[in-house]
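Asker: So the chains spell out like this:
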Amino acid sequence: MIDIDTITKRYDDTEVVSDVSLSVPAGSIAVIVGTSGSGKTTLLRMINRLVEPTSGRIRIDGQDTHSLSPHVLRRKIGYAIQGHGLFPHRTVAQNIATVPKLLGWEPARIKQRVADLLTLFQLDPAAYGPRYPSALSGGQQQRVGVARALAAEPAVLLMDEPFGALDPVIRAKAQDDLRAIQRRFGTTIIMVTHDMEEAIHLGDRIAVMDGGRLLQYASPTEILTAPATGFVESLLGAADRPFRLLSLTTLADVVEPGTADGAPLSADATARDGLSALLWTGRDAAPVQSADGAPLGRVTRARLMAAARLPGQAPV
Amino acid sequence: MTRVWSFLPRMALLAFLIAFLWHPAWFAGLLRPLTENGAPPIYDQGSLALLTLDHLAIVAVATLAASLIAIALAVLVTRPSGREFLPLARSLVNIGQTVPPVAVLALAVPMTGFGEKPTLIALFLYGLLPIFENTLTGLSTVPANVMEAARGVGMTGRQRLWQVELPLAAPIILAGIRLSVVISMATATIGSTVAASTLGAVIIAGLTSNNLAFIVQGGVIVGVIAILIFDALRGLETLLARRAGG
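Residue numbers (UniProt numbering), protein chains in the order written: chain U, 1 to 316; chain P, 1 to 246.
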């Protein structure tokens, strides 16, 4: 649980973060979205005190972050940044071992943890551990960056545009991996991004910032269906809204009894992918099956289009 | 294969140097054409090997001292608390480079007397600038996101300096030391004018007795050592740079 309580950061006369309060429940992902200069990165960096707030408090699990010295606090909080920031003169294994080593873990425990993390991120420890970061691809470097941030099993992970430098295909995979790892460890994540798509895809809650102020802090569905201001609405991109809304629903939510012809769709797929498949194959309905192949029923185009409609809007 | 070919001339040069210092008489025939009126072709007022060792010792001590002070100064002025001293440190180091070593010798002798001391002072002052400037460059070009990560993982200021900044700056710092050593190798010869034991003694003896053979052998020994040191340090730099993910 992270409690940000009326936090303000002022440089001389400019307020870059103004009176922001929000709390992130333990084990959830909060995504801070905004344009550049919105104060989102400053807000994130105040949590691990890379930036000292001018006023206000931040508590992690009830403990004021100012009750610890900054370097002790930071060792308890994972931190992953855009362009990964790996130490170029240290091997992948040494990079991941950074925080456990600072904390004085036993060498055997560090070695085990590094091997576990590399395996978790689908990198063979024997092959990749001894390499230097420059010998890895961009996607691999990014994974090592996140692995380093998670090495000391922090309860909280801060991420500053961690996927910003990745191409769309690798980025989608990295997002899915992060979601899976977050569920597995129950880590509380606060992530900064300028990409609303990423925010909707990953966030349990989304905080929209502009000019240092928090405009709205709500679930993705609420942000989509009831944007607090015109600015929030403009960030969403009017043309993409119905598809984004669909991307929050899975086919399991809209499946109905009945049968249909053609290739079955997976119940885990998003409603957006389902509609896309129907449009592409020119069908009105498709069968839906569970992950292990059991038939569940069917999904219709009409049902999906209804799910994409702004709630409360009567069908014509 | 290319490694062997680039390695071979260096080994040959080193072998030549050792042979010349071990038994200069072997090369007497080579140098005799440079002498006149039956003057000795090989320096005969002392051992060339001992002079070389003294020369190297003076350069080593001066460079070591210059490295320690210059690196410490550069580290100091790149810390938040020392940033305001940067202009001051820079002008001090620049003065060391602007005043000619000969002038330093002349000024130092009345204070320290003749011998090694004034030479050490001159070489020390002359060697500061390249090391200081290179350390400054090395420390200030550590990538911003690497420094950000170093702070973010919870390294203290000292840990960031020793574990991140200095290792990443090492190749550039070493390049500064290399420049400084090579300049000092040549400059140390003038130390003989104030009675320091260096290879300059051979050159000066040649100049005063009009013996070209002395001048050549003194110059060649200094030059060959300078080339070998330059080469070895550059190899070390490449190695460090590769390790730093260059």
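To be clear, the hints were calculated from the coordinates, so they are not data collected in a lab. This structure is a prediction, so every number in the text was calculated from the model and none was measured. By construction, the Cβ of each residue, glycine as well, lies at the ideal position given by its N, Cα and C atoms. Treat the hints with care, as some may be off.
As the list claims (entries may be wrong) - Far from chain U, by Cβ distances over 12 Å, these chain P residues were calculated:
(1) 10
(2) 25
(3) 44
(4) 106
(5) 216
To be verified - Derived list of chain P stretches under chain U, where covered just means 3 residues or more per stretch with a C-beta under 8 Å from a C-beta of chain U:
(6) 142 to 156
(7) 164 to 173
Asker: So which hints don't hold here, by number, going up?
Answerer: Violated hints: none; all satisfied.
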